[in-house]
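Q: Please build the complete structure, drawing on both the sequences and the hints.
So the sequence shown is residues 12 to 666, counted in this note's numbering.
Keep in mind that a hint or two might mislead.
Claimed, not checked - Within a straight-line C-alpha distance of at most 20 Å, the following computed SDA-like cross-link-like pairs (lysine to any residue) qualify:
#1 K166 to E253
#2 K446 to G390
#3 K520 to D533
#4 K144 to I55
#5 K666 to A347
#6 K194 to R178
Rather than coming from a laboratory, the hints here were simulated on the basis of the structure.
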Amino acid sequence: MSHCTHDHTHSPHHEGGCHCHCNSHSHDHVHSSDTHKPSFKVFIPDILSGLLLVATAVLAHLNVISGALPLCLFLISAIVTGLPIVIDGFAEWRRGDFMNEYTLMILAAIGAFWIGEYPEGVAVLLFYSFGEKLQDRASEKARAHIRGLVDKMPKTVAVESADGSIREMQPKDVAEGSRIRVKPGMRVALDGVLEGDDAISFDTSAITGEAVPRTVTPGEAVQSGLIPVDREVTLTTTCRLEDSSLSRILKTVEEAAEAKSHTETLIRRITRWYTPAVIAAAILLFAVAWAVIPAADFAWQTWFNRALILLVCACPCAMVISVPLSYFMSLGKASAHGVLVKGSTYFDAMCGVDTVLFDKTGTLTTGRFRIDGCRPADGISEETLLSLAAGMEAQSSHPLAQSVKDAAAERGITAAAVDDVTTVRHGLTARHEGKTALAGSRRLLADNGVDVPQDDTQTASTEIHLALGGEYMGVIRLTDEIKPTAAESIRLLHHMGIRNIGILSGDRKAAVQQAAEAIGADTCLAELSPEEKYGVMKQLKAEGRRMAYVGDGINDTPSLALADVGIAMGTAGTDAAMQYADVVIAGDDPARVPQLLRIARSARRVAITNVTFALSFKLIVMALGACGLASLWMAVFADTGVTLITIIYTLLVLK
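A: In C-alpha cells, the structure reads:
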C-alpha cells in the first residue's frame, strides 16, 4: 500500500491503500433457518410435562392414585416432552448415526421405566428438552445482533429521476449510478458517493459499533447502513444491492454461522466414539457384576440401575451444547462491535497467533495526507508552487491530490489554469502558459532532464516535485497521518502477549520507519511489492510463526490469503481484500484487532472451562454411581443440570 514519492501514474497513484447443540449433525431441525425464532411458547410442552410429573409423583406418594394410573400419567408426561427427542433420534439413526446423545437419552429413559423409576425416566427427557430449548433461545439472541441490521434497513428507496421527480423503489431494483435521497434518521440502503457542497455527519454505529458520528465530505464514499444525522443527503449509487457493503457483511455473517471452530469440531468427533464407549462401559459394569457376584446374591435391578446412572450421567450434552454456544455468542458479540468473523474456526486460529503484521497506508494511517511543508526553488513563492500543483491535480480524486487542493483552498490560492493534463509513469504532465509542467516523483523530473536538489532525499514525507518549462519549481511534502488508535492498538497487542508486531509496506523506507517508531511496532519492511510481502510471510510461516495480517487493498490479497488469520479493513477495503480475508472490520479502526483477540480468547476460555467442569462433575458422579453412592437423580443433574449451568455461565460471561 504505497505512494512512493507520489508515484503519480494514477494507477500506481491510486493503487494501494489509500483508497446443538450436539453431535456431528448440525441440528438442522433447530437451526436450519433464521426464520425460526424461539419464544416462550416452545417451553409450554415441557412446562405441562413438568407439572404433570410433579402432580403425579405427589399424588402417588400420598396414595391418592394407585395401580396403573401413575404409570399412565408418567408415560403421558414422558411422551409430551420426549416425543420430539425420539423423532430427532430416529432421524439421526436413519442417516446411520446411531451413537449420539439421543441414543443415550432414550436408552436411559427406557431403562428407568423398565425398573420402575418412572419420575427419573421422565426427568431425563424433560431436563434435556428444556436445556436444548434454552440453548436455542440463547443462540437466537446472538443471531438477533446480526439480523437487526437487516430488519432496520429501509424497504424502499427514494430515487431521483432525470426531471427531478422522486419515486419510491425497492432497493433490489435500484440500478448502479442512480441518484437517491436519504432523509435524516433513515438508513442508507445502497453504497454511494455523497453529492452536494457540504460535509455531512453520519451515524456509523450499526456498521462500526462506534457512537461518534463520522463526517463525510462531497465525493466521498458512503456505506449502506449509515444514517445521516442532521439533514437529507443525495447519493449516487456505486453498486446494486447484492454488491453493497451491508450485503457483503451479511453474507460474511451467514458463512460464519455455518462454520465450525476446531474445538467444536473436536468435541463432535469425540462424541462418535464417546457414546459407544459409554454404552459399552454400562454393559460391562452390569456384566462384570453378574459374572463376579454369586447368583443368589446378585441384585440385577441394583446393578441395572447403576448402569443406567452411568448412561445418564455420561451424556455429553453439556459439552456439545455449551461449546458451540460460546463460539456463536462470541460471533454475535464481535459483529455487534463491527468485527465480522467468517467462522468460529478463526477464533481458535486467532488465539494461536504470535505475530501480527500490518499494512501501513489506509490500515495504520488515515490515507488522508496533510501538507508537511513546501520548499519552492529560488525566486518561486509557495503560492505559485501550490497554485500550479492544485491546477494539475484538479481532476484527480487521489488522496494526495485532494490534500494539495485542500491546502490551496484553505490558503485562498486559486488553482492555475492548465490543460492537456496527462497521466504518465511516476506522475503528471500538463501545459501551463505554453510551457510543459511536470508534477510527480524525482524520477519523473530526471527523466525529463530537470535537475532536482539532492538534499531533498532524506525525508519520511511523500514528495511531489514540480517543474515548469524545464526549470525546477520546488517540492511539496505531504505526510500520511497515523490513525489516533494505532499506537494504543499496538500497545494492547503487546500487553496481550503478541511479541512480534510488524509493518509490511510498499511505501518508502523513511516513511515506514517513521510510522513504525510512532506506533511502537517491533519490525518494519518497506518498498515491498505484493509478491515480496507474500515471500516475507511465507518465510515467517516456514519458521513456525502463526500470523495475522491486517490490510485493505487489492495488493494485500496474497498476504491475507496466506495468513492464519487475514483481517481486512472494511471501510476503505477493496472487494478482493474482503473476499480473501477471514475477518472483516466494518470500519477503519485498528483498535478492533486487539478487541478481536480479546473476544476470541474469551470464547476459547469459556469453552474450555465448560468442558473441564462438565467432565469433572460427570466423572465424579459416574464413579459414585458405580459404587452405589449416587442415585439416578444425581445422574440426571450431572447431565441436564450441568448443561444448564454451562449455558447460564456462557450467557453471563459472553453477554
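Q: Please go over all the hints and tell whether each is borne out by the structure.
A: Hint by hint, here is what the structure shows:
no. : hint         : verdict
1   : K166 to E253 : holds, 14 Å
2   : K446 to G390 : holds, 18 Å
3   : K520 to D533 : holds, 15 Å
4   : K144 to I55  : holds, 11 Å
5   : K666 to A347 : holds, 11 Å
6   : K194 to R178 : holds, 14 Å
Checked against the numbered hints listed earlier, the structure breaks none of them; every hint is satisfied.
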